[in-house]
Structure formats: C-alpha cells, structure tokens
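Visitor: Each chain, written out:
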Amino acid sequence: MKGTYAPMSVMKRVSLIFKSKANKALDRMEDPRETLDYSYQRQLEMLQKVRRGVADVATSRKRIELQMNQINQTSGKLEKQARDALGAGREDLAREALSRRQSAQSQLTDLQAQYSQLQGEEEKLTLASQRLQVKVDTFRTRKETIKATYTAAEAQTRINEAFSGISEEMGDIGMAIQRAEDKTAQMQARAGAIDELLASGALEDASGVPRDDIQAELDRMGAGGNIDLELERLKGELGQGEAPKEIGAAADGAGQPATAGASEAAEPPKGDDGA
Amino acid sequence: MIVRILGEGQLRVDDAVAAQLHALDADLEAAVERNDQAALEQALGALLERARQGEPLPPDSLEPSDVIIPHEDATVDEVRKLLTDEGLIPG
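In order, the protein sequence lines correspond to chains U and X. Taking our numbering, I'd label the letters of the first sequence as residues 97 to 371. Taking our numbering, I'd label the letters of the second sequence as residues 15 to 105.
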C-alpha cells in the first residue's frame, strides 16, 4: 500500500507532515506543563518574526515605490529632451532620448509588477500575523485553564489538542515568512541593480548632477539654438512664420521670451486668437 | 472537513465540496508526478477556487486541519518539498 499514491493525496500528505512535526515537538517534553510554556514561548517568538517580516516587505515595497517615482520623472525629462532636441533640429539626439525613455518605461513595467506582488505578500502576512496573534492569545488562556484544572493525564490530551492546531499555524506562518524573505531578497537585489542603473546615468540623471550627455549636448548648442528659436518666434510675431500659436505666448510672457516660448510650444493654443 | 490553504488560513467545507477537492487533488498529484508546472498551476488554481468557497474558521480556533493545500504560487519543486518535510519550518 505504501507504494501506491492514489489513496494518499497531496493535501493529505502535507497535513500528515505537519502533524508529525507537531508530534515530534510534543514528544520532546516530559512534563505537559513544560510543553505548554515552551510552546507559548515559541509562539511569541514567531509573532515577533512575522511582524519583522511584514516590516521588511513594507520597506522593500516603499523602495520600489521611490524608484518608480524616480523613473517616472526620468521618463518625463527624456520626453522633454526629445522635444527640445527635435525643436533644435537634432533628430539623432531626440532618437537617443526616446530610446532611453523606452528602456525606462520597460523598467517601470517590471517594477509595477514587483510592486503589486509585494503588496499582495504584505497583505497576506499582515492577515496571518493578526490571525496568529488571536491564536496565541487563545492558547495562553487555554494553557492556564489546562494547568489549573486537569490532572496530568487529562492535561496531556488537552495539550495535544491545543498544541496540534497552533503548531500547524506556526509551521504555515513560518513558511510564509520564509517565502516573503526570499522574494524580498530577490527584489532587493533587483532594486540595487536599478539604483546602479540610475546612478550610472544610463537611464537618466533626474537631479541634473552630473549632467547627462544628451542634456550636455543640448546645453552646448544652447546659445545658438535659442537664437534660432527666437528668430522663429519673431517671424511668427511678424506674421510671416509658421508659428502662429506663439503669438499669445509672446504677449503674456514678454518678460522671459525664451522660456515662455519653450514651454508654450508644447501646449495647444489657448484661444487668444479670437480675442 | 477542515482545509488549510498555506498562507491564507483555515476553512470548513461541506462533504460535497470535500469530495470535489479530493478529485481535483488527484490532478495535482499527477502534475507533481509528471513534473508539469502548467498542469500543477491549473490543478492548484481549481483546488483553491473550490476550497475558498468554504467558511473561514474563526481565528481563535486551535483545530488542526484534515487536509492542507499548498500556497497559491507553489512550484512543482516546492510541492515536492512539502511532501518530504524539507519545506517546513518547525513550529
């Protein structure tokens, strides 16, 4: 009968493994009272462990959240660079910026998947920790009752009952913590890799220090580029250029014509034309 | 019958559901035997879906389960370990 699998399902076998763990632990103790106190001690330790587990997962999740924000900024900045580069007639630079933006976007997709995975893990562990807390409280009450009321022989039976249930819970939660730790470690490693990527400037430099090469090239051409832009804008103002939408911008932002022109260019006309 | 889903807690299912679980469990067993991850995911998914229709046990119960279902994203390797004692953290 041992060799055949049919009568012994996966579900049943897993539960037997748990039970044999509990029985081994019970057999180690000679005095029932000792079993109760020892087990309660282990339960308290497990509670601390699961709370640490929840905190670790939350830390990891927050780190990923920060990275997602950073990469979002990068992506926006690269898009602006692409637009600026195109505006300055540098299609090669625009292409480079857009290709970096694409790689930033794919990192972002990865991070989003990890983020929701961690979020799910965190929720499950939080629930498990609340459940364990209630069980540990129940166990403590029951252990005192058992100690006070029963003879040693009766106590042993009662203890076995209380013990096997909580022991299963402890085994389960112990595994859940282990799994969460493994996943968290994997994600920490990936988060580290993304930090390096960000630091190297391969994706961007959101802070501007040190300047990345696309921005450097744009800045280098800065003066000349701005003159061209100014010319275009002026042509528009005189009614001979192809940039009629700049008219409103120029009227509003006469103080800073260069920056106003650059930012307004991205927006649709605001309807000043009719006024 | 009392069912534990690893990582999710315990539920009480009636006899009709228990019979269905045992039938689905045979698929799980076969998937592990064949080392077939896709089949395992399918069998496990079906098992979990049925089991989750049970009534959750109150958190202050200390009852052991009749059967234990592996956690949702378990791999063939992980289920194997569960069956050999290796995968368990002693309580």
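Worth flagging that the hints you see were computed from the coordinates, not collected in a lab. Hints are not guaranteed to be accurate.
[Claimed, not checked] DSBU-like cross-link-like pairs, simulated, lysine-lysine; straight-line CA separation at most 30 Å:
1. U/K120 to X/K95
2. X/K95 to U/K176
3. U/K243 to X/K95
4. U/K220 to X/K95
Visitor: All hints, please: hold or fail.
Guide: Each hint tested on the structure:
1. Distance restraint check for U/K120 and X/K95: the Cα-Cα separation of roughly 19 Å lies within the 30 Å cut-off, and the hinted pair is therefore satisfied.
2. Note on X/K95 and U/K176: the hinted pairing is violated, with a Cα-Cα distance of about 52 Å set against a maximum of 30 Å.
3. For the hint linking U/K243 to X/K95, the alpha-carbon distance of about 37 Å lies beyond 30 Å, and the restraint is violated.
4. Proposed proximity of U/K220 and X/K95 is supported: the alpha carbons are some 22 Å apart, at most 30 Å.
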